[in-house]
Amino acid sequence: MSDQSFMDEAIAAARENVAAGGQPFGAVLIKDGRIVARAANRMEADHDPTAHAELLAVREAGAALGTIDLSGATVYASGQPCPMCLAAMRVAGISRVVYAYSNENGAPFGLSSAAATKALSPPIDEQSWARIERLPPPDAEAPELYKAWAERKGKS
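Here the sequence shown stands for residues 1 to 156, numbered as in our numbering.
Misleading hints may appear alongside valid ones.
Okay, the calculated beta carbon distance ranges per label pair [claimed, not checked]:
{"no.": "1", "residue 1": "H47", "residue 2": "G110", "range": "12 to 20 Å"}
{"no.": "2", "residue 1": "D46", "residue 2": "P143", "range": "32 to 40 Å"}
{"no.": "3", "residue 1": "T67", "residue 2": "A107", "range": "34 to 42 Å"}
{"no.": "4", "residue 1": "D46", "residue 2": "L120", "range": "18 to 26 Å"}
{"no.": "5", "residue 1": "R131", "residue 2": "M1", "range": "24 to 32 Å"}
I should point out that these hints are in silico values taken from the structure, not numbers from a laboratory.
The C-beta atom is built at its ideal place from N, Cα and C for all residues, glycine as well.
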């Protein structure tokens, strides 16, 4: 299949979601030349602000492949991914992201993530959208929690 056919799948998922009463966002995740996951935005249906099409596709692919490492995968998204989706795709190791409609295309309809991107751009101690505070535990300089994880994973 081609880039265009994968994008057509993502847009088809978005169109189906609109017909079902959802938002106009769909995504497919491709690994080794095949569709591993196909998803549409379910924020309103699931009452879950994190239920974006891209995140749902990443979750579905991880479950299908039995791994959190999606290196070498491509996500095709009907709309420009928001910062949350981009962060999740980066953590998962997604190698390529292709999107159809830009923030500029979505802005007249209230479907742009540009404001969120701008709000999240400053360093954490300069964020103005919420009061963000650090309350370090007594072992913050030598975190036992992280050390225990590293030892369990053989990373120490």
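Would you pick out the hints that fail for this structure and give their numbers low to high? Violated: hint 5 alone.
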